[in-house]
Amino acid sequence: MKKRIALALCVLLVLSCTACGGKPSSSAPADSSTPSESSAPAENVTIEIWHPRGAGANGEMIASSVEEFNKTVGAEKGITVKEVFQGGYAEVVTATMNAVAAGTSPEIAVVENSTGTTTLSGEGILADIGALIERDGWDLENVQSGLLTYCYRDGKLIAMPYIRSTPVMYYNKTMTDALGVDIPIDGALSIEDFESLCKSLTKDGVYGFSLQNNTWYTQNFFYQLGSNMYDEAGTSCPALEDGVMLKVFTAWDGWIKDGWCQPFVSTNDEAYLEEQFSLGKIACIFDSTGKMGNIFGAVKDLGDPFEIGITFLPTFGEPSCPTGGGNMAIIEKGNSEADIDAAWEFMKFLLTPEQDALNHVNTGYVPSTKAAASAEIVQELWANEPYRQVGFNQLAYAQDAPSSDYGAEWGTAFGSVVSSMIQEGSISPEEAVEQLRTEAKNIFPG
Amino acid sequence: MKRMRVKFLAVSGSVLSVLLLLGGALLIKIAGISDIPQAGFPGALLGGRYFLIILGVVLGVASTCLGSTAVEGGLQKKRYFPYLLIAPAMVFLLIFVVYPILNVLFLSFFRGSVQNPTKEFVGLKNYIALSEKSQFIVSVKNTFFYAAIFVTLVIVCSLLMALWLFDDRKINKFSQTAVFTPHLIATVSCAFIWRWIMDFNDYGVLNTVLSLFGISPVPWLESSKTAMWAIIVMNVWKNIGYYTLILIAAMKNIPAEIFEAAVLDNASRTKRFFKIILPMISPQLFVTLILLTIGSFNVFDSVNAMTAGGPGSSTEVIARFIYLFAFGNVNSLGLGCSAAVFLMSIQLVLTAAYFKLLARRVHY
Amino acid sequence: MQEEARRCLRRFIRRLPGDLLKLAIVLCFVFPFYWMICTAFKSYAEAIRVPVTFWPEQFSTDGITSILGARNVDVLQYLTNSVLITFGTILLQMIILIPAAYAFARFRFFGKNVYFALVLLALMIPMQVTYITVYLTMADWNLLGTLWPQILPHGANAFGIFLLRQGFKQVPDEIIESAQMDSASQLQIILQIMVPMCKSSILTIMLFSFVGTWNNYFWPLVMTNSEAVRPLTMMLVRVLDSELGTRWNEIMAANLLIVIPVLLVYVFTSGKIIKAFTYNGIK
Chain A
477 MKKRIALALC VLLVLSCTAC GGKPSSSAPA DSSTPSESSA PAENVTIEIW
527 HPRGAGANGE MIASSVEEFN KTVGAEKGIT VKEVFQGGYA EVVTATMNAV
577 AAGTSPEIAV VENSTGTTTL SGEGILADIG ALIERDGWDL ENVQSGLLTY
627 CYRDGKLIAM PYIRSTPVMY YNKTMTDALG VDIPIDGALS IEDFESLCKS
677 LTKDGVYGFS LQNNTWYTQN FFYQLGSNMY DEAGTSCPAL EDGVMLKVFT
727 AWDGWIKDGW CQPFVSTNDE AYLEEQFSLG KIACIFDSTG KMGNIFGAVK
777 DLGDPFEIGI TFLPTFGEPS CPTGGGNMAI IEKGNSEADI DAAWEFMKFL
827 LTPEQDALNH VNTGYVPSTK AAASAEIVQE LWANEPYRQV GFNQLAYAQD
877 APSSDYGAEW GTAFGSVVSS MIQEGSISPE EAVEQLRTEA KNIFPG
Chain B
6 MKRMRVKFLA VSGSVLSVLL LLGGALLIKI AGISDIPQAG FPGALLGGRY
56 FLIILGVVLG VASTCLGSTA VEGGLQKKRY FPYLLIAPAM VFLLIFVVYP
106 ILNVLFLSFF RGSVQNPTKE FVGLKNYIAL SEKSQFIVSV KNTFFYAAIF
156 VTLVIVCSLL MALWLFDDRK INKFSQTAVF TPHLIATVSC AFIWRWIMDF
206 NDYGVLNTVL SLFGISPVPW LESSKTAMWA IIVMNVWKNI GYYTLILIAA
256 MKNIPAEIFE AAVLDNASRT KRFFKIILPM ISPQLFVTLI LLTIGSFNVF
306 DSVNAMTAGG PGSSTEVIAR FIYLFAFGNV NSLGLGCSAA VFLMSIQLVL
356 TAAYFKLLAR RVHY
Chain C
14 MQEEARRCLR RFIRRLPGDL LKLAIVLCFV FPFYWMICTA FKSYAEAIRV
64 PVTFWPEQFS TDGITSILGA RNVDVLQYLT NSVLITFGTI LLQMIILIPA
114 AYAFARFRFF GKNVYFALVL LALMIPMQVT YITVYLTMAD WNLLGTLWPQ
164 ILPHGANAFG IFLLRQGFKQ VPDEIIESAQ MDSASQLQII LQIMVPMCKS
214 SILTIMLFSF VGTWNNYFWP LVMTNSEAVR PLTMMLVRVL DSELGTRWNE
264 IMAANLLIVI PVLLVYVFTS GKIIKAFTYN GIK
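Chains as they are written, first to last, in this note's numbering: chain A, 477 to 922; chain B, 6 to 369; chain C, 14 to 296.
For the record, the hints were derived by calculation from the structure and aren't laboratory data. Please read all numbers here as calculations on a predicted model, not as lab measurements. Each residue gets a CB set at the ideal place from its N, CA and C atoms; glycine is no exception. A couple of the hints might just be wrong.
Within a straight-line C-alpha distance of at most 25 Å, the following computed SDA-like cross-link-like pairs (lysine to any residue) qualify [as the list claims (entries may be wrong)]:
| hint | chain 1 | residue 1 | chain 2 | residue 2 |
| --- | --- | --- | --- | --- |
| 1 | B | Lys138 | B | Ala153 |
| 2 | A | Lys917 | B | Ser136 |
| 3 | B | Lys175 | C | Phe120 |
| 4 | C | Lys182 | B | Ala364 |
| 5 | A | Lys553 | A | Thr522 |
| 6 | B | Lys12 | C | Phe120 |
| 7 | B | Lys12 | C | Tyr128 |
| 8 | A | Lys776 | C | Lys182 |
Residues of chain B clear of chain A, computed beta-carbon distances all greater than 12 Å [unchecked claim]:
| hint | residue |
| --- | --- |
| 9 | Ala92 |
| 10 | Met95 |
| 11 | Phe330 |
Taking the hints into account, I'd like the entire structure generated from these sequences.
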């Protein structure tokens, strides 16, 4: 009897061993370390793309792109792509870096275009896409140049724009129509007009506006006032010293105090804004064009549907907008040449006019290539729904802060101070700037 | 006399072997880092970087054999047998507890990232940088605040509950079960449930209920005045049941005669509590205190799920700082490691302090 | 008889305020769970509707179906991982800790105190400190794509060794001696005498392990970087990351999936679990 139990235990142990060990077949490092014979592409290659495109229109888009690729180009060249959703942009970076350290690198990572790309390239693990472009004679001119800001590092092209966006202002058109206000679709409101608009939109249970705690938007305000978040070298914050930061903080703080701007919330602030906007409780929000599909869907699903308007971000001076969203980069470290080639194949596929145009039409991310912008489905869409073009038109005013190696830490400190000032009102704008000055001394070198 | 001498020899041999092993490990690690000048290392001179390790192992085995001869009989015939029995456990402890502690200490002297943990030897710079980082200082303050309030609340509340739910009655049994249940549920689950209950919006159920009593809505997790308290409440709610049950069990073990004697003496209730119950359950209370204190300094799950450190940095805690710096976006492993060393030291110091200050008052 | 009844009544009235207060406290402890279940069966729109409904107006399984059907959330995968990790951990711990506890309880050997101090040290050192190195080690061993990083590091259960040693110590010497007379091997002694005699301690350790591993959030958070190896607790994070709004009905539905197995174990072992957690818990 006892022997039988012991035997059963052993069997269980063996079973659990095999069960645990059997899992990682897809990402086993053995795959990547097998000697690659680039001359024999008939060999099947499986690559992974790690991305932050979760549920909804976004997730479906990448799934269908992968499916399409595997059926066509992939089938022909013996490449199978697997898409892996990793969470937010931050998670993709963390997961990728940790995976590289662990020797289980993915082939493509879709990361936030500025800090994400900078972080990965800083570790020297990205493949030189420029060389691949040159080899294949691929047309780089076709890519929107405004989107390439962070794609270079030390003169090398290490990333390609993929799910890029610009933030726009979404507003509750049903409400503005009721006020009899007409908001131009192709231009930016001045900050004064914006303030008075939001003030008049505010009524019982409805806030005129709310802004999330994201340096994307604050940095843009700095830029409009002629300053910036980082200097060219990325080793200081000019807005801190030239009074622009104080000016922006004072304005924002004033909006809160005037009662028409709702403070953001501690966790998931973006999701919260989208939810409140969709419920008709906040009249204007700034959000990425990439969220267009989801926001339109939510407004239909939740509560009383209303008409949505979209326009440029309001401005303190000249119109401007940051660009955002994700770049895709090929991980060189830990991947064989065949893997990298396969990854590049898939990248090219995603940048074909058809895929790029579909990506724009289905989700609202701006077209990465010029060819896609003139594609028929895109032109047709813009003709029928002019607001869909806003994000693309705004690209003409695109600006991006220089990247900084200290961006991640600075961003954390910045967010935390802004939270104390805006969310809680526990410190004044002057104190906030003062605190950030102390932080800056610690974070930036020199 | 001879046995004493053998024993002394064996012990000093073991100590020496541990030192050799440590030195050997350090040597191997350093030899792997190109930044540090390699020439003139004793290891290199003595032939290979594994030399010290091998020497240490040999010496260790020898001293253990020697020591074994000095230990009296016991049950065993074969002297190596107990070592065989504890070997797997010791191997696991060495790899997953001892080595990590030493390695964290080691890495805290380097600038590095997860990909390349030892980019540059910086000596104590990480610790200096840490002491200047406002985020870290705030985290430490918050952690201490959390630990102090949490431990006090749990101990006091569970003592009161234990006294209150002590009698053998149906309603008490039922209450015990209900109060205990949260202890079995994952902290994240509880954190999410509470975050949902404490939602500051009109659909937050806590504020809805409070408004029935005419209390205006409170932004529980959205204000630095209440956020930490909200986290504390959640954790107290989750843990109180367990400690209540432990204390009840301890009280049940108090011999009935003692109580009877006290009742005969006409001792008052408070007197009975302080003179009988408290001393009799002091061992359990002591262990509870230590476990709670150590645990409270590790608080992470509930903070991460409920506030992610916000608003501002009013709920940032040390464990989250380590996570953010070592593994998160900031990606500076050295700073994370030095913070981890700091955390560990606090816990060790506090435990030692407890033993020093309280152990004498504990009645066994 | 009447006297008796009157006394009962008087006692009942005397106790009434206290008992009502007890019920109120019980309500405080049970309500969050009720609220979780209640929300899980609301639609998203109803979950965030004002005024709050304390019972789903329209019983909806949206939350549950959207999790089960979500493209990015493979519930079955998470569940299998959780089960494998939990049972793998328990099994490994048992294999390691029973012999170790036996040695510490019944043998005298050179260096025993030092080795035991090592066990106690492991009790004190939090995983919030050790995980950094363990991760690097696992990366070195190329195990990060597997479930092992979530099992192996918990292999040596210091608390279990500590607890079971107490149990083994209480087994009377005579039993073991008589077994040795019958020339039973040490393995036989362990499996046929010690383990059955300390069944309750072992069950306790298993329950602790089960609850601890199943509910672990921090460890998988830092040890995993692909969905293929993540357990149920990480699913929550995934659900939270859904693209728009915080879909509380889905989060609570996911929560249900984590909570239910534990509650089932709780119900099935009902009295035992409480006993195990307390009477054996701290001694």
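### Query
Is Lys138 of chain B close enough to Ala153 of chain B, meaning Cα to Cα at most 25 Å?
Roughly 23 Å separates the two Cα atoms, so the pair holds.
### Query
Does the structure keep Lys917 of chain A and Ser136 of chain B at a Cα separation of 25 Å or less?
14 Å, holds
#### Entry: Restraint check for Lys12 of chain B with Phe120 of chain C, where alpha carbons must lie at most 25 Å apart
Distance ~18 Å between Lys12 of chain B and Phe120 of chain C Cα, so the pair holds.
### Query
Given the hinted pair Lys12 of chain B and Tyr128 of chain C, is their alpha-carbon gap at most 25 Å?
Holds, at roughly 16 Å.
#### Entry: Given pair status - Ala364 of chain B, Lys182 of chain C, alpha carbons within 25 Å
24 Å, holds
### Task
With a cut-off of 25 Å on the C-alpha distance, tell me whether Lys553 of chain A and Thr522 of chain A pass.
11 Å, holds
### Message
For a C-alpha distance cap of 25 Å, please report whether Lys776 of chain A and Lys182 of chain C respect it.
### Response
68 Å, violated
### Outside-interface status for Ala92 of chain B - nearest CB in chain A farther than 12 Å
Non-interface label stands for Ala92 of chain B: nearest chain A Cβ at 18 Å, farther than 12 Å.
#### Entry: Consistency of the no-contact label for Phe330 of chain B, given chain A and a CB cut of 12 Å
8 Å, violated
### Query
Does Phe120 of chain C lie within 25 Å of Lys175 of chain B when you go C-alpha to C-alpha?
45 Å, violated
### Query
Since Met95 of chain B was said not to touch the interface, does its Cβ keep a gap of more than 12 Å from each Cβ of chain A?
Met95 of chain B is indeed farther than 12 Å from all Cβ atoms of chain A, at 20 Å.
Violated hints, in rising order: 3, 8, 11; the structure is consistent with all others.
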